[in-house]
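*Asks:* Single-letter residue listing:
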Amino acid sequence: MRFTDLPDATGISLKPEYFPDALALKTGETWFEVHPENYMIGGGPRLEGLLSAAERFPISLHGVGASLGGPGLPTAQHIRALRRLIDLVNPAAVSEHAVWSRTQSQYFADLLPLPRTQEALQNLADGIDHFQNGIGRCILIENPSNYLPFRSEMDEPDFLAEVARRTGCGLLFDVNNLYISANNCGMNAERYIESLPCDLVSEIHIAGHTPDERFGEALLIDSHAAAVSEPVWALLAFALKHLGPRPVLLERDANMPPFAELMQEKYRSDQLQSSIGQKDAANA
Amino acid sequence: MLDAYFRAFEENLTTGDTTAIAEFFGERANPAFISVYRNGYLKTCTDALAGSYPVVRAIVGDDYFRTLARGYVDRHPPTRGTLVGYGEHLADFIRQLEQEHGLDYLADAAAIDAAWLESYFAEEGRPLAPADIQHMGFRGIDVTAMRVKLTPHVRLVPVENRIADTWAMLRDHGELTETVALSKQAQVVMLWRLNGHIHIKALDDTESVFINTLAHVATLGDAATRAYEVDGAFDLAGTFAALLQNNLLQMEDQSE
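Heads up: the protein sequence lines correspond to chains A and B, in order.
By the numbering used here, the letter at position 172 of the first sequence is numbered 172, and the numbering carries on one by one without gaps.
Take any residue in the second sequence, count from 1 to its spot, add 1000: that is its number in the numbering used here.
Calculated directly from the structure, the hints in this document are not laboratory data.
Treat the hints with care, as some may be off.
Keeping only pairs whose Cα atoms sit at most 20 angstroms apart, straight-line, the calculated SDA-like set for lysine to any residue is [what the hints assert, rightly or not]:
id : chain 1 : residue 1 : chain 2 : residue 2
1  : A       : K15       : B       : Y1037
2  : A       : K266      : A       : R214
3  : B       : K1043     : A       : A226
4  : B       : K1043     : A       : R214
5  : A       : K15       : B       : V1084
6  : B       : K1043     : A       : T103
7  : A       : K15       : B       : A1048
8  : A       : K15       : B       : T1177
Please take these sequences and the hints and turn them into a complete structure.
*Replies:* In structure tokens form, the structure reads like this:
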């Protein structure tokens, strides 16, 4: 089952400073992802840039602020603002994270982990249900980056798959997040990928990470502030072989490189997808 | 159990205390790694404020700005699911700390920084064009009886110091490119968006009365009457034309 209208090719994070370069690309050369929270605004050049891009390229709205698994349901204000943006952009995909980020009174501007318990699972499912009903469409939810393990009753792939089954949402598999979780918490990355339900995974993310200033390589941070690392490329190849062709997003949110440099990474991902697709076809 | 987890995590994020959250750590957890969440939260909020208040940052420098921002996050943590527009109370917060930093114009700079951002992200509205007015004239409509208001991207900022030019220089260059003299004199600064760029102008007393009247929805005739009470030589035609050329006016009944 497809949960998105994104092409099985590599898209990139679209930032306002990239608007001129991005809009100069040929139609269909890529697709773009934005964080909707940065565009829940009345108007102005930033929103106009996104709407111009949406006229020619598929857009993915990848949320970071809904707090789907938090105490209390996603707020009506947030859902209303997102729905307005969805109406304007007509995105090919809408996604969020299997995390929490706010209490009733405070927003922590971070993707905070949930304990993988039955109670947290149902709470997350309730949040996703409310969110999907509010925006009027299915979403994908993304596996978190884990910095340390919390007391849990089940593995992460089982937790996410069960949430998807209860809510009808799809899954977004972030390879970099898994690499970080494996490094920081001792998860087995390949076994994790083999446990993912192929029919539910509708999008893949790759990104760069950075070692923590204090703990070094023992604690990798999901910074999106560097190029994709070689081990993450290898894990992406493994995932594509297991899952088959999927839309892949190259994320970059900080320490922004020149646009051409980002496009080189995108072409590498396209090439990887293409070579794996050809091998699969030859083996069929 | 889940409520207790959220409360424990919140306590750690806001105070750094790990006692309660440690109860939820898994067997192989390195307890020290929990600090990454609080550090990340504070850094993200501080970075967001630095991006939204570039002139305040340029005036006080990175170190004091970080101190200021940390204090602000503790006092006014973000509440909405986005950091766009976060910092709406920063000008008041800075004013309350005036004895500490000793810069009586810093709150003014913060208020203008905030207005810049609001104007940048505001709706365009449906501005009246000079041709619209001309057309009304041809149709015999009394333009002075029209009820008009300012377009959504206009911001009027009352400040206590003559700081508009200094603010603009710091916003454009990140530093002062020439010597400036600040003086204590209340005025109103107007910001607006035209062709994607934000413009700033310190209004004189008469302009201020005229435009402030329109800000609360009025006829042009009412606004002009009040302006003439301040200055009998007020240039109504020139001011009105400038407002139209800069997309600052729209009809009262036109939605935003």
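*Asks:* Could you run down the list of hints and mark each one as holding or not?
*Replies:* Now for the hints, and whether the structure bears them out:
1. A:K15 <-> B:Y1037: Distance of about 25 angstroms is beyond 20 angstroms: violated.
2. A:K266 <-> A:R214: 31 angstroms, violated
3. B:K1043 <-> A:A226: 18 angstroms, holds
4. B:K1043 <-> A:R214: Within the cut-off at roughly 15 angstroms; holds.
5. A:K15 <-> B:V1084: 14 angstroms, holds
6. B:K1043 <-> A:T103: 19 angstroms, holds
7. A:K15 <-> B:A1048: 15 angstroms, holds
8. A:K15 <-> B:T1177: Roughly 30 angstroms separates the two Cα atoms, so the pair is violated.
In terms of the numbered hints stated before, the structure departs from hints 1, 2 and 8, listed from lowest to highest.
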